[in-house]
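These protein sequence lines are chains Y and R, in that order. Residue numbers for the first sequence, in the working numbering: 1 to 371. Residue numbers for the second sequence, in the working numbering: 1001 to 1085.
Rather than coming from a laboratory, the hints here were simulated on the basis of the structure. Values in this document were obtained by computation on a predicted structure and should not be read as measured data. Where a beta carbon is used, it is the ideal one built from N, C-alpha and C, also for glycine. Incorrect hints may appear among the rest.
Which chain Y residues face chain R? A few, computed with CB under 10 Å, are given here [what the hints assert, rightly or not]:
id	residue
1	215
2	217
3	236
4	237
5	238
6	244
7	254
8	255
9	280
10	329
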Amino acid sequence: MNAPLRTAPWTRWTVAITGMNARPDNPGPGLAVARCLAESSDFQGRVVGLGYDTLDAGLYHRGVTGNGFLLPYPSSGADALWERLSDILDQEPIDAIIPCLDSELLNFLAIADRLARRGVRLMLPDRATIGRRGKDRLPELCAAIGADTPACERVSDAGYFDRCEAEGRCFPMVVKGVFYDAYVVHGPEEARMRFHQIAAQWGYPVLVQPFVEGHEVNLAAVGDGTGRMVGSVAMRKRAVTEKGKAWAGITTHDPQLQSLAARLVAELRWSGPLEVEALRDAQGRLHLIEINPRFPAWTYLSAGVDRNLPVALLRLMAGETDVALAPHAAGVMFVRYAQEVIVGLDALEGVTMTGQSVPSRPAAAPLFVPC
Amino acid sequence: MDAPSSSLPAALADLAVSPTGFVFDPASGQSFTVNDTGLAVLRGLRDGLEPDAIASRLATEFDAPEETIRSNLAGFVAQLHRYLT
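Just chain R, same shape as in the assembly:
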């Protein structure tokens, strides 16, 4: 998968992430919300996992096809890029 998680800005580590899915970027002052799946992805990215590993983790956690998760994951990471840059 080509999700560019390794190129996400260092700001990912600085995000304030609430268990409710509320996310605040202290660098830009922007805030946004993520659902449970998005929260799980963010957790994986902040844990330093590669996209494939995140997809595997989510497939187990949400009992969903890994291929579906991979394509959604790529879209989510691309959107995260737009919010954080």
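So here's chain Y without its partners, still in its complex pose:
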């Protein structure tokens, strides 16, 4: 029997958010999503950070999270995640969870029913839909909606790069992981090196695509699960990290990208947040590169243009059916900066030893204070 959903309005929910790391080259989206809620004048609830590492900044940032909890790595599986979340739910009456990392989504989907029985809301596409937007299946999806995307091959053998040119492929090409990382490679030796690097970190298969010359355009959005895109924010990167992540970006008015995203959301009847990544070539044609099934790390820009996408998501999760965000202004820029969070030894001890930054019970004795 399901636990009754707590009847508090979404404005007073406790929302757990993952993706709390703040690595400068590739930050998780969680802190940005949390900031969107923390800085919303409507949201008066509580945000709890869920992370995977003791140095995930969001576990300690009391400006945006009220507590932080460690989760088992996604590779531990759905049951391990459920066991840990059960413990957390005994302490925090969480109303909704917003997963922010690709690698954990299937685990959350697997425990969605169990979460629902504890009164916890999730808004995610189903497993089949997540599969349909997989990098290796984009050609099939794009054929269905009349969009362009580079061809994609699944490669499990580095020898591919020694024979690919004889088989009609050309360098440069792009070597990608199934979840993360993408590198442009200019020859077989470089390609083999990146292949092994990606396989070692993310496993097989490794994906290979032809290189499309162009500039990247990005769009974050929320789908309501019926095929409607309730709000979106488009931007162009102005500065990137070594890993190609946006360090600065500016909103754009991009009807072509908006149309592509809306068609994808309609075709997939997308439920929840997503990011559409595309390349615009010199002829102005859009090539779909990736659909990320979660908010991107630059989500805070949505609050910056007063189109708060995480708030829109909560409203949908609360059952509102009239969520619709007007088009946003172009020319609003974000520039990311690194800021330190000061962490007391007790909080570090808490995360390290008990997996949470704010203890459920006061310590019996204060931790030693170094001289």
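Starting from the known structure of chain Y, arrange chain R on it as the hints suggest.
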């Protein structure tokens, strides 16, 4: 003059142009700067003037030989094409 101003994309009308010479293209997210002369040319293009008319206007405004202006104008419009497409 062969400046292809009539073939400039419709985005010209959507540009955000500041009196300081800062120009933002909301379609591409690109921004660039123009000097006073460039600003005058942009104003003329957005007013729908043909290149010859722009050159005449600039010759008066900047008290410069019209022939010099025509050749510079062609180069500027070509560069504008590259930024906006």
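Would you settle whether the hint for residue 238 of chain Y is holds or violated, based on the nearest Cβ-Cβ distance to chain R being less than 10 Å? holds, 7 Å
Would you settle whether the hint for residue 255 of chain Y is holds or violated, based on the nearest Cβ-Cβ distance to chain R being less than 10 Å? holds, 8 Å
Quick check on the hint: residue 217 of chain Y CB to chain R CB, less than 10 Å? It holds, given that the least Cβ distance between residue 217 of chain Y and chain R is near 8 Å, below 10 Å.
With chain R as the partner, please determine if residue 215 of chain Y meets the hint condition of a C-beta pair closer than 10 Å. holds, 8 Å
When the least beta-carbon distance from residue 280 of chain Y to chain R is tested against 10 Å, hint result: Hint holds; residue 280 of chain Y Cβ to chain R Cβ min 8 Å, cut 10 Å.
Identify whether the interface hint at residue 244 of chain Y stands, where standing means a beta carbon of chain R within less than 10 Å of its own. violated, 16 Å
Closer than 10 Å between Cβ atoms is the bar; does residue 236 of chain Y clear it against chain R? Give me holds or violated. holds, 3 Å
Is the interface hint for residue 254 of chain Y satisfied, with its Cβ closer than 10 Å to some Cβ of chain R? holds, 6 Å
Double-check residue 237 of chain Y for me: the hint is only fine if its C-beta lies closer than 10 Å to a C-beta in chain R. Result: holds, 8 Å to nearest chain R Cβ.
Is the hint on residue 329 of chain Y kept, meaning its closest Cβ partner in chain R is under 10 Å away? Holds, about 9 Å.
Checked against the numbered hints given earlier, this structure breaks only hint 6.
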